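Residue strings, one per chain:
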Amino acid sequence: MATDGVAAPTAVRSRPAWIEGLVGQLLALLASLGIAVLAGSLLIVAYGENPLDVYSSILEASMGSADGIGYVLAIATPLIFAALAVAVCFKGGLFNIGVEGQYLVAMVTAAWAEIELGFLPGPILVVVVLLAAMLGGMIWAAVPGILKVKTGAHEVVTTIMMNGIAVSLVAWAINFPLKFSNAPAGQNVDLRTDQFPDNGLVGDIGQYFDVTPGAHLSWLLFLAIAAAIIVWFLIRRTRLGFEARAVGASPGSARAGGVSIGGTQLRLFLISGALAGLVGMQQILADRGHLPQNYIVALGFTGIAVAFLGQNNAIGIIFAAILWGVLSRGEVALQIQSEVPREFIIILQGILILSVVITYQIAKRRLAARQLQRAGAAGELEDSAGPDDDAGPRGPEMKGREAFEAAEGSGT
Amino acid sequence: MPFTDIAVALQISFTYFTIIYLTGLGGLFSERSGIVNIGLEGLMIIGTVTGAFGARFFTDTLELGLPWGPILGLLFGALCGAIFAGVHAVATISFRVDHIVSGVVINLVAVGLARFLSYAFFNGQSTQSDPGGPHLDRLDIPLLSSIPGGIDRAFQSLSPMVLVAAFMVVPVWYALNRLRWGLRLRSCGENPEATRSLGVSVPLYRYQGVLLSGAFAGLSGAFLASEVIGNWREGQTLGLGFIALAALILSNWNPIRLMFFAWLFGFAVAIPLRLNDAPIISALPPQFIRMIPYVVTIVAIAGFVGRVRPPAAAGKAYEGGGGV
Chain A
663 MATDGVAAPT
673 AVRSRPAWIE
683 GLVGQLLALL
693 ASLGIAVLAG
703 SLLIVAYGEN
713 PLDVYSSILE
723 ASMGSADGIG
733 YVLAIATPLI
743 FAALAVAVCF
753 KGGLFNIGVE
763 GQYLVAMVTA
773 AWAEIELGFL
783 PGPILVVVVL
793 LAAMLGGMIW
803 AAVPGILKVK
813 TGAHEVVTTI
823 MMNGIAVSLV
833 AWAINFPLKF
843 SNAPAGQNVD
853 LRTDQFPDNG
863 LVGDIGQYFD
873 VTPGAHLSWL
883 LFLAIAAAII
893 VWFLIRRTRL
903 GFEARAVGAS
913 PGSARAGGVS
923 IGGTQLRLFL
933 ISGALAGLVG
943 MQQILADRGH
953 LPQNYIVALG
963 FTGIAVAFLG
973 QNNAIGIIFA
983 AILWGVLSRG
993 EVALQIQSEV
1003 PREFIIILQG
1013 ILILSVVITY
1023 QIAKRRLAAR
1033 QLQRAGAAGE
1043 LEDSAGPDDD
1053 AGPRGPEMKG
1063 REAFEAAEGS
1073 GT
Chain B
262 MPFTDIAVAL
272 QISFTYFTII
282 YLTGLGGLFS
292 ERSGIVNIGL
302 EGLMIIGTVT
312 GAFGARFFTD
322 TLELGLPWGP
332 ILGLLFGALC
342 GAIFAGVHAV
352 ATISFRVDHI
362 VSGVVINLVA
372 VGLARFLSYA
382 FFNGQSTQSD
392 PGGPHLDRLD
402 IPLLSSIPGG
412 IDRAFQSLSP
422 MVLVAAFMVV
432 PVWYALNRLR
442 WGLRLRSCGE
452 NPEATRSLGV
462 SVPLYRYQGV
472 LLSGAFAGLS
482 GAFLASEVIG
492 NWREGQTLGL
502 GFIALAALIL
512 SNWNPIRLMF
522 FAWLFGFAVA
532 IPLRLNDAPI
542 ISALPPQFIR
552 MIPYVVTIVA
562 IAGFVGRVRP
572 PAAAGKAYEG
582 GGGV
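Those protein sequences? They're chains A and B, same order as listed.
Under the numbering used here, the residues of the first sequence are numbered 663 to 1074, in order.
Under the numbering used here, the residues of the second sequence are numbered 262 to 585, in order.
None of these hints come from the bench; they were simulated from the model.
All clues stand as given, with none of them false.
Straight-line alpha carbon distances no greater than 20 angstroms define the calculated SDA-like cross-link-like pairs of lysine to any residue that follow:
id : chain 1 : residue 1 : chain 2 : residue 2
1  : A       : 812       : B       : 556
2  : A       : 812       : A       : 921
3  : A       : 812       : A       : 929
4  : B       : 577       : A       : 1024
5  : A       : 812       : A       : 914
6  : A       : 1026      : B       : 359
7  : B       : 577       : B       : 513
8  : A       : 1026      : B       : 355
9  : A       : 812       : B       : 563
10 : A       : 812       : B       : 570
11 : A       : 841       : A       : 779
12 : B       : 577       : A       : 1027
13 : A       : 812       : B       : 571
14 : A       : 841       : A       : 853
15 : A       : 1026      : B       : 577
16 : A       : 1026      : A       : 696
17 : B       : 577       : A       : 913
18 : A       : 1026      : A       : 684
19 : A       : 841       : B       : 546
20 : A       : 812       : B       : 564
21 : B       : 577       : A       : 1028
22 : A       : 841       : B       : 547
All values derive from a computational prediction rather than experimental measurement.
Chain A with its partners taken away, still in its complex shape:
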């Protein structure tokens, strides 16, 4: 779309495609936030409360104190990993809805490492456990990845089925090989693993920020943020990231350009699985200290929602996860002092994610249509475009990059 600086008389304006894309995404996000807040307000009024009061109490509960922020960040931690896992695959045109199963299996491999290798000294044990979790996630992601590459089996179907298997696998693990050997008195009914050794748990960082230990804010948060930065770098600045985006945007051109589609997709699945493996760690290493039967489920699916909300952008995902955490933590406010039931929050999150999906789709189509229109206009206006417009300060290779991003924007 070499239209930079074209002095267009009509609707054709000069803005780089990536800015246009970003603005479109932001507008879509704001619009869907607006829709969710508005729909939520109607619901609150139906319950006979003042929307402003309810919203401010939600914000107060989640952002108004160090404890609140601690809880929000602790909720966000696993969601960042889950959403990154989804986004990595998405960049390559793959839909990994198996994050759910991958993190369940990873919790089993991590629990196994905790129990079998408990003799290792503290930091080493934690590192080994995290590696075991990543390995577990990778193994579970490798199956749909290999099947996709070798047989063409659609990854959506295979990952759904792998999720189903994973649920039973966790149930089997805590019933048989990892069943707790010395049950604490009075807990005989609960199915769970043994308590992990203390040196295998992730330290609480809440104490440094005046956050209550109840929030279980751990340094896994920093790991999650680091993972987001690594993923951003991987997608934007490495060869694999470039190939992934090429495959996601147009497999045909990628193949013609010499990219091994299968190899790229398999690598994306493995990276995604490794990230998915870390999803459950906040729960078992920072919060519970064992693998319980009633682990929080659906973190993987919630991660998909967070990835949409963050528009599959690694940095956007951090903010999306925090926003999700703010809403989730807001439940507390409703529970204590409102006629509005706490389930209202889930509805709000649901409306938000539905409208994000739809408005983002609309924005994408509008953008694509505009680019198409502008490409046409550029053809007509070719004569009026000055020579220095073509080789502007951004250089020709940046132009190619823009075109690629435009294709990516309209491709998925």
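For chain A, the structure is supplied; the task is to place chain B on it using the hints.
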């Protein structure tokens, strides 16, 4: 091992057949029209909570009694399933959102919406309703239920809905293969451009397909909650919506074959419940048997045995008309 155990396992398998088959038929209508629906589980969840409420509301609150109360309850579940499927229809057909994305969102939102509805329906209980809700009288299937030798047990005290589901194959097959409506619906899923060129509105048929899928999945959920369990409980669908999806894929989107796979997976669900002492099975942990439907589906989809072929246009956005 006593023979009656097999009979009881069969009886349980008929119940699960009903759930899986009805949900699978829902998926069939949607995907045959060209809209992939992985939101079946979520549609079922809405069916469970609204069906449990409907059965109580029509039977007790409106004092309609048996059998009309439970019947209207089931239909209410189907209606609510269809309404909720409307979200998937609007997103995928009118706004052309990716079908998988929308289906994931449907599943996600359904869990929250079910809690919200439950809170409103059942006096602030957001994860379950009171047990022992009204249900249809159980019936014994004539002739089959009087076979001597213990196997009769399999055909006794079944919900009438089992028969409804089993005979549903007739109208569904007829509608899809003999009626103009069904042929058009299927052609929307195979080649929407050609269908449109014949003057058929593709979005119209796709809306019908998706709404039907919601109705069937909702009916199935309502059956599960009110007829099988007797109350609503969070998480009671246990992934049966995904098992239905698996059966649908293995059946090659064919309602007659779907009957077989729905029963087979229903039986797989029933084994750990009743046949734990049987030889071979007793050596296997019950969790492994629960994996069977998923493993079979992966093997089939990978093309190791036979080939499954989805409707050609399923999952692809259609640009022709009716959109925003």
